Amino acid sequence: MSTWVAALIAVAAVTVTYFTCIRPMRRGDGHCAGSGENPELDRQIAELREEVRVLRAQDSLDAGQVSGGKSAPPTDV
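Each residue of the sequence shown is one higher than the one before, counting from 1 in the working numbering.
Source of the hints: derived by calculation from the structure; they are not laboratory data. Check the hints yourself; a few may be wrong.
[Claimed, not checked] Restraint ranges, calculated between C-beta atoms of paired labels, are given here:
#1 Ser60 / Arg26: 38 to 46 Å
#2 Trp4 / Glu50: 27 to 35 Å
#3 Cys21 / Leu41: 14 to 22 Å
Please read all numbers here as calculations on a predicted model, not as lab measurements. Idealized CB from N, CA, C, for every residue including glycine.
All chains, full assembly: derive it from the sequences and hints.
Following this line, the structure appears as structure tokens:
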């Protein structure tokens, strides 16, 4: 009995996925991010990716993983 329930749940999931995702994409109603169809969205995504890149670089510098150019020599006190 539980095998049939699992099979029905799987069929329902595939059906919902088809009607909410695949069918609209095939008809051209849906839009994928970064597909070039929405230049404003593409610009926002590019800005956010650049911001993430800058934040990761800053985090690496703060953690001392990347040399930021000339560093001061260690001093003995």
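Against the structure, the hints:
1. At about 43 Å, the beta-carbon gap between Ser60 and Arg26 stays in the expected band of 38 to 46 Å.
2. Between Trp4 and Glu50, the C-beta spacing of about 52 Å breaks the proposed range 27 to 35 Å.
3. Between Cys21 and Leu41 the C-beta distance comes to about 18 Å, which sits within the given range of 14 to 22 Å.
Hint compliance for this structure: hint 2 alone is broken.
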